[in-house]
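**Q** Protein sequence lines, in the order shown, are assigned to chains A, B, C and D.
Per the working numbering, residue 1 is the first one in the first sequence, and the count goes up by one each step.
Per the working numbering, residue 295 is the first one in the second sequence, and the count goes up by one each step.
Per the working numbering, residue 575 is the first one in the third sequence, and the count goes up by one each step.
Per the working numbering, residue 963 is the first one in the fourth sequence, and the count goes up by one each step.
There could be a bad hint or two in this list.
[To be verified] Stretch by stretch, here's where chain B covers chain D in the computed footprint (C-beta under 8 Å, at least three residues): (1) 1156-1163; (2) 1171-1178.
[Stated by the list, open to error] Mimicking SDA-like on lysine to any residue, the simulated pairs with C-alpha atoms at most 20 Å apart in a straight line are: (3) B:547 / B:321; (4) A:186 / A:90; (5) B:371 / A:286; (6) B:411 / D:1169; (7) D:1295 / B:417; (8) B:411 / D:1166; (9) A:6 / C:770; (10) C:839 / A:124; (11) D:1092 / A:95; (12) C:760 / D:1057; (13) B:301 / B:547; (14) C:839 / A:54; (15) D:1115 / A:260; (16) C:690 / D:995.
[To be verified] Label-pair distances were calculated between CB atoms; the ranges are: (17) A:75 / B:461: 54 to 60 Å; (18) B:440 / C:669: 50 to 56 Å; (19) B:534 / D:1287: 54 to 60 Å; (20) D:1294 / A:162: 42 to 48 Å; (21) A:83 / D:1289: 17 to 23 Å; (22) B:373 / A:83: 51 to 57 Å.
Keep in mind the hints are simulated off the structure, nothing from the lab.
Keep in mind it's a predicted model, so treat the numbers as computed, not measured.
Beta carbons are placed, not taken as given, at the ideal position from N, Cα and C, and that holds for glycine.
For reference, the chains in residue letters:
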Amino acid sequence: MDWLSKNLPYLMAGISVGGQYALIAIGYTMVYGILRLINFAHGDIFMVAGLVMVYASTVMPVYLAIPLVLVVTVVIGFLVERVAYKPLRTAPRMSVMISAIGVSYLLQNMALYVTGGLAQQYPALPWISDTITVFGVTTKRVTVITPPLVILLVAALVMLIQKTKIGMAMRAASKDFETSQLMGIKINSVISMTFIIGSFLAAVGSLLFFSNYTGVTPTVGAMPGLKAFVAAVFGGIGSIPGAVIGAFIIGISENIIKGLGWTTFSDAFTFALLIVVLIFKPTGLFGEAANDKV
Amino acid sequence: MSENVLKVEHVTMQFGGVVAVDNLNLEVNKGEIVSLIGPNGAGKTTAFNVITGVYPPTNGAVYFQGRKIVENHPQGKMRRQYLGENEGKYDHVIAPTPDRITKLGIARTFQNIRLFKSQTVFENILIAEHMRRTSNLFTATLHLNGTEERNMREEADRLLHILELDDVRNEMATSLPYGKQRRLEIARALATKPSLLLLDEPAAGMNPQETDELTAFIGRIRDDFHLTIFMIEHHMDLVMEISDRIYVLDFGKLISQGTPDVVQSDPRVISAYLGVQEDE
Amino acid sequence: MKKKIVSALMAVSMAAVVMAVPALADTVKIGVYEPASGDNGAGGKQEVLGMQYANSITPTVEIGGTEYDVELDIVDNESSNDKGPSAASKLVSDGVSVVLGSYGSGVSIAASDIFKDGGVPAIGVTCTNPQVTQGNTHYFRICFLDPFQGTVLANFAADTFGAKKAYVLTKLGDDYSTGLGFYFTKAFEELGGEVVKGEFPEGNSDFTSYITDAKNEGCDVFFTPTSTEAAANEIEQAAAQGLAIPLLAGDTWDSNVILNAAKGKDVQIYVTTFYQEGGNAEFDEGFKAFINEDSTNLANNGNDDTVAAVSAMGYDAYYTALEALKAAGSTDPAAVNEALWGVTYDGVSGHIEFDQENGDAIRSSAFVKVANTESGAWDFVSEQTISE
Amino acid sequence: MKKQTEAIISVALIAALLAVLFILERTIPSTSMLFTVLKKGAIYALVAVSMNLLNGFTGLFSLGQAGFMLVGAYTYGVLTIPVDQRPNVYMYYDGGMIQFALHPIAAIIIAGIIAGIFAYLIGLPVLRLKSDYLAIATLGFAEIIRAVFQWDKLGPLTNGSNLLRNYPSYKSVLFYFIAAGVCIALIVMLINSTYGRAFKAIRDDEVAAEAMGINLAHHKRIAFVVSSFFAGISGALLAMYQTSIQASMFKSAMTYEILLIVVIGGIGSITGSCISSFLFIILSEWLLRFLDSELVIGGFKVPLLRSGFRKVVFSIIIMIIVLFFRQGIMGTKEFSVRRIFNRITGRSRKSSEGRNGR
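Working from the sequences, and respecting the hints, build out all of it.
**A** Here is the structure:
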């Protein structure tokens, strides 16, 4: 029992943070699947969701603030795509990526301007922020409810992608961008839908993440964003189940490394894992190979 | 039988379950113009890509001037799925990258033109001479290779003159008319001083008058540059006019070979192109 | 159309330059080299508020017989070593007579040579790393140093909690954090205690594994000299995981970010700092009024009017500079530099006097206070001196 | 306009620039903001040009520049701290491992070489990757390098999380202009050499380049190592400019800044990168500083102006340039004396000797 109570906290923290990374990673993998774009600003949209919640909860009760945060984040995600990515639809990949970096730079500086760099305190969400004890280990309820909630959301998303018309349009667009346009698929609305779903999940992810880690600063979105991207690549970019499984693996292994005392290299480990995956199995666990014809 | 330049032996190329090229054997001898024809999707460009090292064959080998330059045998998953014959004949792997094959003296052009779009005509040819350089990074950077640079430029101008592209010397490569872009691609291939030139549908998209000019042009460069030419082409008048020998591919298999008039009257070739006559 | 946008942008920035240089007779400029963004932005802004308050009370000073208006020339060093030097050289080129700053030792060291070349003396306000003043004659400091603060914390941990084993958590790449951690460890081991070390990387939010380590190792005290950015998460997770042992930290934790995070949680937080609200009633009321009258000031102080120790230090630094200006009898930076060695001033945070070797303040005591999680304010604990 | 006359005019222009700087240095006080900005502008011009060599001329999208600058800066710092200062700097590591000091110029070149070696090792696995994967992999390596340099077990060598300082540095702005100028000249000569043409071929069409006998792996490695060599040198210059360095300042934000400078200047234009780096530094670190402090014009308090506003305005300007001026200031054109001369004399560019005769 002693071994369990010693190491259970790492495992639980790993699962919970893994679940939160999963919700962000899905955003990356969907956007990359269709646009072949690494949305550098996605981590910062996650941060903005946190900030909106902080400011909303000062003026309205929490149960009103939560839907507001979801809506505002989705709108921001949609606007970012329409303003920063749509004009560059035909531009070379490098300039779209630079535009993504520019948006990330802008969101962080705006957050800095509004908060003045002060770490904002995330409000305690009623039910999920209470502390509970599980097998003798005290932690927050959010740690326990994150995995099932994530699996539920992912199942719903996979159903949407497999069963609905918009889902089919997304799959077509991710297979071949040009031909799906020829088939009369309104590409712009498909892309907007992707960003809307991605931002919505990122907003839910921020609700869970920040109730566990309550300090919200302008750069708080950078590291989870990068780790979520590593998870997306590790799971196989473009595959949603892959992103989720990759995120759980990264969340757990990162905490195990911290548990073993190699804390200085927990972040460096994530990048090392990314580079190993990129070189030996670029398609990741579940991705399909995409080779371009000569 | 004059000296053999290119020999393709039991080459099979299988993508997953699809056999694009099936047990291909062909030869090209010094000074010959040999054509490879066949309906679309017969595996012609795939054969070219195997010869030029774009991807290794699933099985078989390629010889150049008597030396084996490419070899492969079914490995891993492919060993179970392999559908072609002659599996045991090859045991080790030679898979040079395309640039190593070009250095051996095999130059090629592409089915859809791949010129360097941000460079002028003159610069496109200069780039092809880079591989024959004797200077290293330092002497080149410090511009100590003056003579080599001058020779490169003179050689490029000479090629431009021979191929009648002097007037568009400083134009951007992509702003040229279609015919001239084709000719520039050939000029660029010649700049690598090849002994074997692989042309992938040089006359694609050309009108009859341009095709006639091209026919004379190919004959001329074969003689001026002492080349051996191996060509994929659909324009039958060009093929029949200029080829010494012809190989016909259909669904990856060699169905006929020989001089132009032999191949022209071969029933299998006609059916491959025109479909089988349904005898009611 | 595009050409017009570009020329418009150029025109705006050119015009701006002209406006930014108002000329007034008889002004003495005091440079304020503080972070307003980046990791230490919050602390830097509270420090500047102290200086601005002091400036609002005594806007003029009599130097060599003539009355001078004191103008604060404030630049943001973005708490980063590559942006700091250009902020510093802007101050030098603006012709300031003395510079106050910075919060955070890294940026202070980064700008040290620029102040030296410009011949402008600088007064460190709350940078506690010894390397700031070491081996130079132009950088002074009015706060105590890490060796002193580390020892005070070690003594406090040993005396008050009888701690035998301490968990020390520092931030990778932060010289203040590793420096204070080093001195605490040295002092704590000299007292016979044992130290378990932990380090977290930049941008880390999850501290569960460190807290679990501290519990598993059976540490009696959890010492974590980090910035306020990490503090919020540490406190939250310490409470969530029911960490029974007290949290100890240095001067950076003396801010309302910690109070907000700790409010209503069962967690004990002890902090050493330069000043404790209530130490000087007159300063407290005046400062609170100054904060509440202007919305930007309120926002910069974290939306409430608790008096942060760094504001008190900023206030004292301003007056120390005035003392130096008066003693020097001229606004020439070299004269001010010379005068600074002899300056003594009894400020809100105690007696200030410089040692003649490195220009460090001779400080013998530090205030210790505890976060009262019900009232959400700091309660005074003791004024700790070190035994030797 | 023959090549010789153009060469003479260019040399004359450069000499004039250096003379102006020389005079300025004698007249204006040496700590004036102008010199600070010019020094930093020159350093950022070099690192922007070195990044342009990779992104703009070879089509390799790398985000590892900050990592190689860090290696260069630390190599310079560690090798040149005078021995008597070492106990003072390596306080927590009793004087540190290395007990010798080299001449600054030698240390700068070694800084570049060591950054190049790091690049060679990192390049082996990474250069085969496609553009966006290459960007993330190089970004990852830069973060790993930073974590390693901050590790306290390496303290005796890198001083762990503490600053490296007290190493010699040149104060005159001339030194930075000459050092950066020489390096940029070398890069320009490389780009105009046969290797430069090979890089541009790889940028335009890898498949065609390979078919023309250009060994992709070899040439990509050369571009990557050369670019990192000069990033290492600019890291050393930055260390000199700043008189103290710390691993935590070489974050990915620094690479993004350099990338944005390259984009503003025009990807594929050397002079574009130089111009935009001076513009970027002058605007962001000097002229736009007023945006951060309250400004009262005739009793009217300008709204919005408070700390942090400068960076917001700056990121908006960058977004406008990235979206609407995709070519940047110079696009892929170069500032050349001939083009100015032709514009003055009204002769069209076509009839002159041609683009490549530079």
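**Q** Given the hint that residue 839 of chain C pairs with residue 124 of chain A, test it: the Cα-Cα distance must not exceed 20 Å.
**A** Roughly 12 Å between the alpha carbons, so the hint for residue 839 of chain C and residue 124 of chain A holds.
**Q** For the range 17 to 23 Å, tell me whether the beta carbons of residue 83 of chain A and residue 1289 of chain D fit it or not.
**A** 20 Å, holds
**Q** Sort out whether residue 770 of chain C lies within 20 Å of residue 6 of chain A, counting only the CA atoms.
**A** 16 Å, holds
**Q** Quickly compare the C-alpha distance for residue 411 of chain B and residue 1169 of chain D to 20 Å and report which way the hint goes.
**A** 13 Å, holds
**Q** Run the distance test for residue 547 of chain B versus residue 321 of chain B: straight-line Cα separation, threshold 20 Å.
**A** Within the cut-off at roughly 15 Å; holds.
**Q** Given the hint that residue 1115 of chain D pairs with residue 260 of chain A, test it: the Cα-Cα distance must not exceed 20 Å.
**A** 17 Å, holds
**Q** Quickly compare the C-alpha distance for residue 1295 of chain D and residue 417 of chain B to 20 Å and report which way the hint goes.
**A** 16 Å, holds
**Q** Within 50 to 56 Å or not, the Cβ separation of residue 440 of chain B and residue 669 of chain C?
**A** Distance hint for residue 440 of chain B, residue 669 of chain C holds at roughly 55 Å.
**Q** Does the alpha-carbon distance linking residue 301 of chain B and residue 547 of chain B stay inside the 20 Å limit?
**A** Since the Cα atoms of residue 301 of chain B and residue 547 of chain B sit roughly 16 Å apart, the hinted pair holds (cutoff 20 Å).
**Q** Lying within 42 to 48 Å: is that true of the beta-carbon distance residue 1294 of chain D to residue 162 of chain A?
**A** Holds: the Cβ-Cβ distance is about 46 Å, inside 42 to 48 Å.
**Q** Hint check: residue 411 of chain B vs residue 1166 of chain D, CA-CA at most 20 Å. Holds or violated?
**A** Holds, at about 6 Å.
**Q** For a C-alpha distance cap of 20 Å, please report whether residue 690 of chain C and residue 995 of chain D respect it.
**A** 15 Å, holds
Comparing the model with each earlier hint shows no violations; every hint is respected.
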